[in-house]
Structures are given as C-alpha cells and as structure tokens.
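K.L.:
Protein chains in written order, with this note's numbering: chain A, 1 to 256; chain B, 257 to 837.
Honestly, the hints are just simulated from the structure, not real lab data.
Heads up, a few of these hints could be off.
Facing chain B, according to a computed beta carbon distance under 8 Å, are these residues of chain A, among others [said to hold, decoys possible]:
| id | residue |
| --- | --- |
| 1 | L19 |
| 2 | T32 |
| 3 | L34 |
| 4 | I37 |
| 5 | P45 |
| 6 | A50 |
| 7 | P138 |
| 8 | I200 |
| 9 | A218 |
| 10 | R222 |
A virtual CB, placed ideally from N, CA and C, is assigned to each residue, including glycine.
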Amino acid sequence: MTKPTLAVHKFSSCDGCQLALLNLGEPLLELTGLIDILHFAEAGPLDESAQVDIALIEGSVSTSHDIDRLNRIRNNSTYLVTIGACATSGGIQALRNMANTDEWIADIYANPSVIDSLDNSTPIKQHVNVDLELWGCPITQHQILTAVRSLLFGVLPVDEHDKVCMECKRQQHVCVMVTKSEPCMGPVTRTGCGALCPAIGRDCYGCFGPSENPNTHALANRLQGFGLTNNEIARRFLFINSGSEQFHQEGSRWKT
Amino acid sequence: MPTETIKINVPVLARVEGEGALDLTIENNQITDLKLRIYEPPRYFEKFLEGRNYYDVPDTVARICGICPVAYQMSATHALESIFGVEISPWLHAMRRLFYCGEWLQSHSLHIHLLAAPDFLGFNSVIEMSAKYGDEVRRGLKLQAIGNDLVTLFGARSVHPVGVKVGGFSHAPSLEETSPLLQRVTDAKQDAVDLIHWLDSLGLPDDKQDFVSVALQHDDEYPFNEGRLVSDNGLDIPISDFENHFKEMHVEQSTALHCLLDGKPYLVGPLARINLNAAQLPTEVRQVMRGLKTQFPSNNMFHSIIARAIEIYFALVEAERLLSNYEPTDQPCMDVTIKAGTGYGCTEAPRGILWHRYDVDADGCISKAVIVPPTSQNQPRIEQDLKDSLIHFGLDQPKADLQLHAEKVIRNYDPCISCATHFLDLKLVRDGISENTSTTFSHADLSATAIIGIGSPNSGDELGWQMIDRLSEKEKFVQHKQQGLTLLKLDRPGIALGEAISPYEHVLIIDALKPEETSQPFVCIHAEQLTPAPGNLSSHATGVPESIALLASLDQLPAQLAVIGIADCKDEFIEKITSLF
C-alpha cells in the first residue's frame with residue numbers, strides 16, 4: 001500500500017511554523033514512517049508540483065506571483081491546511097495593509113521599481129478554499145501532529161477555539177489582568193498555546209488570533225480603564241493577527 | 257574558440273532556510289554572471305516598528321526569524337536599554353548568555369544534521385540519511401532538543417519566546433526547572449565531542465580563500481551579547497560606530513541589500529567568531545580543538561561546519577557552568593525609565609553579528625529602526641566565494657556536479673533567508689526564458705495528460721512534430737500511451753491550441769526555438785513565466801506565448817502547463833523530455 005503524501009509550502013513568513021515539524025525530534029522520523037513527504041524545501045525533498053493528500057501552507061500571500069502558485073497547490077492537494085498566523089490571518093506583515101506600502105518601499109530601497117510586493121499581505125483563505133486552519137504564531141507540535149493524525153483517519157480535528165482565559169484558569173494561574181492590571185488579551189484570544197504568557201506573569205498578546213465570540217469591545221473598554229491611550233488600545237489588537245476580522249475591526253475603532 | 261554557454265538555474269535551493277535561488281552563466285569557461293536570488297518578499301519590519309511602544313519591540317522582532325528569534329530579541333533589548341540607561345545585573349548578564357546558548361545549540365544542530373550533513377554524505381535529506389546514520393541523526397536531534405529546552409526555560413517556548421522584556425526576563429526559572437536541564441547538558445557534552453570528531457573525519461573539501469572575518473570581541477568571554485566589533489584586518493570599533501564602516505546598499509537589479517565593510521565583502525558567523533575569538537574559549541573546548549585535523553584560524557569555508565560543532569560544545573560547557581551556579585532571583589527584570597535617544601545593539605546570532613539601531617521619542621515610541629541581519633552581510637561574500645570555489649572546482653564539470661557544489665558552498669553560510677529583513681523578490685523575467693527543467697509530470701494522471709508538438713512538415717518548422725515522432729518510438733512513451741497519455745501534433749497555435757488543450761489537466765507543449773533570439777538550444781518554461789515576455793518561440797503568426805496569454809485571460813489554462821523550446825532533435829533533448837515523465 002502506498003503511504004499518504006504530504007507537502008509543506010512556504011509563502012511570506014519567518015519559517016517558525018515549519019520548525020514545529022523540524023523540532024519534533026524522534027517523532028519526525030516516526031512521522032516519515034506514516035507519510036511520504038514529497039515537498040519540504042527546508043528539509044530537503046523538492047517536488048513543488050506533486051499531487052498530495054495533505055498540503056501544509058506557511059506564510060501569507062504578498063507578491064503578485066503567489067496567487068498562481070497557490071492555485072496550483074490547491075489543485076494538487078486533497079486537504080489544504082494553513083499553519084500559523086501568516087497563512088491564517090496575514091500575519092504580522094499584514095500591518096502594512098493599513099499603511100502606504102509605496103512610501104515604505106521608497107524609504108527602504110534605493111531602487112523601488114524592482115520590488116514585487118502587493119499592497120496587502122493576505123491570508124490563504126482569501127484566495128483559495130482552506131480545509132483546516134491552524135492558528136498560532138507559531139503553531140505548536142501538538143497542533144500539527146493532531147491535525148495530520150486526524151486527516152490520516154479522514155476526519156478534521158476538533159477546533160479548539162476557547163479563550164486563553166479558560167486554559168489559564170484550568171492551570172490555576174493568578175490572573176495578570178486582575179492582580180497586576182496587565183493589558184492581557186487572554187479574554188479574546190484563542191487557546192492552544194498553553195496560556196504561556198500569564199503562566200510566566202505577563203500579558204497575553206494575542207498571537208493565536210481571535211477566539212470564538214470574542215467580546216473585543218468590552219476588553220478594549222477595560223483597557224481604557226487601565227489608562228491606555230486610544231492608540232495603545234488599537235495596537236493591542238493590531239499586532240500579530242491584525243488581519244483577522246475581529247481584531248482588525250476593534251483595532252480600527254480605536255486607531256487615531 | 258567556440259562559445260559554450262552553460263546556464264544553471266536552481267529554482268528552489270533545498271535546505272536553505274527560507275527559499276533562495278542561484279543563477280549562473282558560464283561562457284568560454286568563465287563566469288560571466290552569478291546571482292544568488294532570494295524569494296523572501298519584503299516584510300517591512302523596520303517600518304511597522306515605527307510608532308510602536310518600546311515594549312512591543314521584543315515580541316515584534318522575534319517574528320523576523322523563527323530560527324533565531326533570541327538573537328533579534330537580544331539585539332533589540334540591549335539597544336533599547338542603552339537608551340534608557342539600564343544597568344544589567346550580573347544575574348541577567350549570566351542568564352542572557354544561558355538563553356543564547358540554547359539558540360546556538362538549537363540552530364547549529366538543526367543546520368548540521370538536517371541541512372548540511374546530508375550534503376557531505378550524499379543524501380537528499382535527513383530522512384534518507386537517518387536510514388544509514390540513525391545514531392548520528394538521533395544525537396543531533398537530542399542536542400537540538402536541549403537547545404530548544406534552554407530557550408523554553410526563560411521563553412516558555414522555543415520559537416518566538418514570550419519571556420523577554422526590555423530590562424530582562426518576565427520570570428526567573430525555579431531550581432526544579434533548572435536541575436534536570438543541568439543533568440542533560442552535562443550528559444550531552446560527550447555527544448558534542450563525538451560530533452566534532454565525526455565531522456572532522458568527513459574529509460571536507462580543501463578550498464582556501466582570502467576573506468576578512470568580522471565578529472564581536474569581549475575581554476572576558478566568548479561573545480554573545482556584548483563586545484567591540486573586530487576583524488582580522490585591523491578593525492576594532494564600538495558597535496555604535498558600525499554605520500561609519502559598514503554600508504548597506506541596494507545594488508541595482510540585485511536581490512538584496514548588500515552590506516560591505518569599507519567597500520568589500522566580509523564574513524560573519526561561527527567560522528569568523530572562532531577565527532577571532534578562539535582564545536576566549538574555555539580550556540576544555542580548546543583541548544578538544546588541539547586534537548583535530550582541522551585547525552583554526554582557518555580560511556576554508558567548509559570548516560564552518562566544524563566551527564558550528566565546536567560552538568555546540570562550547571554552548572554546553574557554558575550552559576553547564578551557568579546552570580551549576582544558578583540561583584533564582586526576585587528581580588529578573590531591571591527597572592526601566594523612558595528617555596528619548598538613539599541606541600545600538602549588536603549580538604552574535606547563530607549566523608553572525610546582528611546589528612540594530614533604534615531612535616526612541618520621549619513617549620517611549622520608536623521613531624526609526626535599522627536592522628542589519630547576518631545573512632545580508634554574508635551575501636556579497638557568498639557570491640564572491642561561489643565565483644572562486646566553482647573555478648577551483650572546475651567550470652567544465654557536469655552541470656549536476658556544479659549545481660551540487662554550488663549548493664554546498666552556499667550552505668556553508670547557513671543563510672537564513674527569512675531573517676534577512678531586506679531580501680527582495682526580484683521579478684524573474686529574463687528574456688522570458690530560463691533553462692529550467694524543474695517541471696515534472698511524474699505524478700500526473702496520464703489519462704489527463706497530453707504532449708503537443710507544434711509545427712508543420714515544412715523545413716525550418718518541423719521540430720515540434722519530429723520530436724513527437726521520436727518520443728512515440730520510446731519504450732517509456734509506448735507504455736504511457738497504453739495508460740492514457742496523449743501525443744498530439746498541431747499545425748499552428750491560436751484558438752486551435754485552446755481546443756487541443758481543453759480536455760487535459762497536464763500539458764507539455766514542444767515548439768521550435770527561433771535561433772536568432774536565444775543562444776540556448778533547450779529551454780523549459782512554465783506557462784506563467786512565458787506570458788509576460790512573448791515572442792521568443794517559433795514564428796507562427798499567433799505564437800505559443802500569445803495563445804497561452806489568451807487562454808489565461810479566458811481562465812482556460814490547465815492545472816499544469818509547461819512549454820519546451822528546442823533548437824534540435826538531439827538524443828540529449830529526447831532524454832530530457834523523457835525524464836520529465
């Protein structure tokens with residue numbers, strides 16, 4: 001019997017989510033016993049146009065030729081899975097969507113005409129159908145293994161979209177917002193990281209994106225109560241996942 | 257003397273973090289053009305830092321590179337602390353070194369085992385290599401895991417750690433957390449020594465070159481976070497003086513901002529560090545180095561893999577020292593008082609010096625940021641090295657060997673493409689044509705695949721048809737036809753081409769080249785590369801490129817469409833086309 005196949009594709013990103021695979025250690029070798037990895041440029045195998053059962057996509061769409069490449073990948077794959085904030089919401093580089101990119105380019109590069117860069121950094125789902133989204137900056141090893149395992153069984157994994165607060169409470173951490181007035185994003189942020197930030201005594205900064213039903217406006221009002229300026233409140237939402245609808249809306253409301 | 261042109265185009269360079277590509281043109285046994293192209297699109301970190309609060313900076317710059325986030329966080333915090341006049345406690349100084357040990361261990365182990373060693377041992381990937389070198393791969397994964405866990409100790413995770421603040425760390429780990437790590441670090445020291453000896457015995461190429469090494473240097477320690485910038489050519493400056501000696505330039509039609517020292521390429525990274533700072537390594541590390549075939553300082557770039565292994569051993573020895581003396585503190589973070597000003601930070605990322613400069617206003621917001629990553633500093637050196645080492649290797653070598661050697665040379669620098677904040681995505685239309693045999697139909701469903709020869713029986717335009725005839729004779733294609741593959745002859749492109757293509761998902765078009773427009777006898781082009789620059793193929797009134805552009809505008813292109821232009825029906829070309837299936 002032939003093994004199921006997998007490809008890892010990279011768009012605009014920091015490569016950190018691919019490390020969820022490369023940092024697996026021994027389980028990486030086990031994984032290659034279950035599936036054939038046909039394309040994973042960072043790890044060696046190269047066959048970008050291979051037909052695969054699962055295509056993992058890291059990074060956002062940010063240049064003119066990305067869209068064609070993405071369409072080809074979609075046509076070649078049964079399941080298309082976005083891994084990480086860039087692929088899922090446009091990533092930190094989506095901050096440019098609210099700026100004048102031409103001015104930025106001219107500021108950095110002496111020869112702007114050679115730069116191929118779209119004005120916006122957009123998530124994969126804006127261009128092709130996505131079967132599964134893994135949120136997180138970066139995603140965790142647990143997320144990727146659960147996803148691949150579930151897909152091998154022919155089902156989608158359970159979408160964990162609780163708030164970070166739920167996980168934080170389960171771990172019995174002292175609330176940094178209540179006790180230290182930290183501008184914690186936990187009440188509106190998707191779980192999955194393991195409540196890492198409050199566990200070490202700092203505020204969550206929303207790197208896993210919006211949770212289910214995030215009450216962003218109530219949180220923003222609370223942050224105002226802590227004395228944050230309007231722009232400081234805006235920047236809480238307009239950070240790693242500024243391209244997500246809920247964070248974008250709330251951030252834009254406060255940005256002056 | 258006949259002119260021979262070899263063009264090598266490596267579309268995606270495997271096992272370079274991020275994705276790059278190399279163009280090489282050889283004419284008359286001389287390199288006439290050599291460019292390392294980088295696919296990482298600009299992400300504008302320096303621009304979107306503007307206007308953000310200083311306390312957002314560590315979490316922002318970590319995202320520049322998933323492989324060396326610690327380096328970005330350390331250069332940034334030191335730069336900002338210098339503006340605010342923060343005095344770092346001995347505890348913090350020590351623990352930031354420990355934190356950095358983790359990143360070197362992780363990054364160097366990843367590079368050696370997953371990216372570089374497969375090259376030297378002749379495997380395509382670590383997955384293949386692990387079948388024969390299972391113990392070595394497992395040893396590498398173990399060292400990498402210790403590195404990740406050292407970063408996690410302070411950062412709560414190894415990629416984009418969350419524990420770093422301007423002023424220090426969010427928390428101090430407990431002894432319950434540090435003790436088991438100390439044990440693992442101590443146990444792994446022998447693994448690192450074995451790793452060094454293993455690499456020393458590999459028989460790396462002998463390729464001495466003339467280059468300048470640049471690194472931080474500190475009176476009391478092997479450099480991580482502090483020191484002066486020195487070179488083996490007499491440079492000795494404070495980091496704040498960087499911009500007076502090093503210049504970043506956006507080279508015309510180039511792929512990246514190149515950074516030059518007094519106008520010349522230079523080397524940063526593990527080999528440069530060891531060349532300049534071996535005297536600062538602990539005695540037990542220097543003892544191991546004395547017993548090696550490979551001696552430092554070295555001007556052979558292939559020794560950088562051994563330099564990395566030595567730094568792995570150093571990181572373990574240093575981590576053992578720091579963990580043995582570890583005591584938790586109740587002040588893991590210094591107090592910070594906001595002040596306006598300009599500050600500089602330079603630390604030794606795994607790949608070499610990472611220089612930051614920030615201008616901060618009175619509210620503590622960033623008004624300007626400049627980030628010079630190691631890979632943009634090494635890029636001119638890589639190109640220079642490629643020119644020298646490929647000549648040394650022999651420009652008359654077969655293309656596949658030249659390509660592999662070039663990739664090995666590039667990998668010596670461990671270029672981290674995504675961490676080069678300035679790397680550009682240069683538009684790739686060179687005459688609309690590049691020799692590019694990366695296309696493959698090996699996974700295509702044959703019943704949905706067609707090879708279409710364009711031409712006519714007339715002389716001068718018969719090549720497309722001739723090739724179809726020749727391919728039809730091949731045993732492989734006889735079999736493929738039985739499985740549903742279609743071979744077609746078409747007398748002209750235009751609308752007819754659209755009709756011919758429409759039943760198929762995968763299409764390969766073969767057409768004659770206009771000899772006056774190209775010096776290359778065989779080209780393979782993906783449809784989307786072809787459309788922007790029509791006019792290179794055949795002399796049909798409505799040429800293949802126009803037809804494809806038309807189909808594209810009607811959204812009628814198949815999932816996979818490639819065009820091969822041939823100037824001849826040579827056996828070599830027949831083999832090339834056969835190998836695509």
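K.L.:
Check each numbered hint against the structure and report the violated ones by number, ascending.
P.N.:
Those not satisfied are hints 3, 9 and 10.
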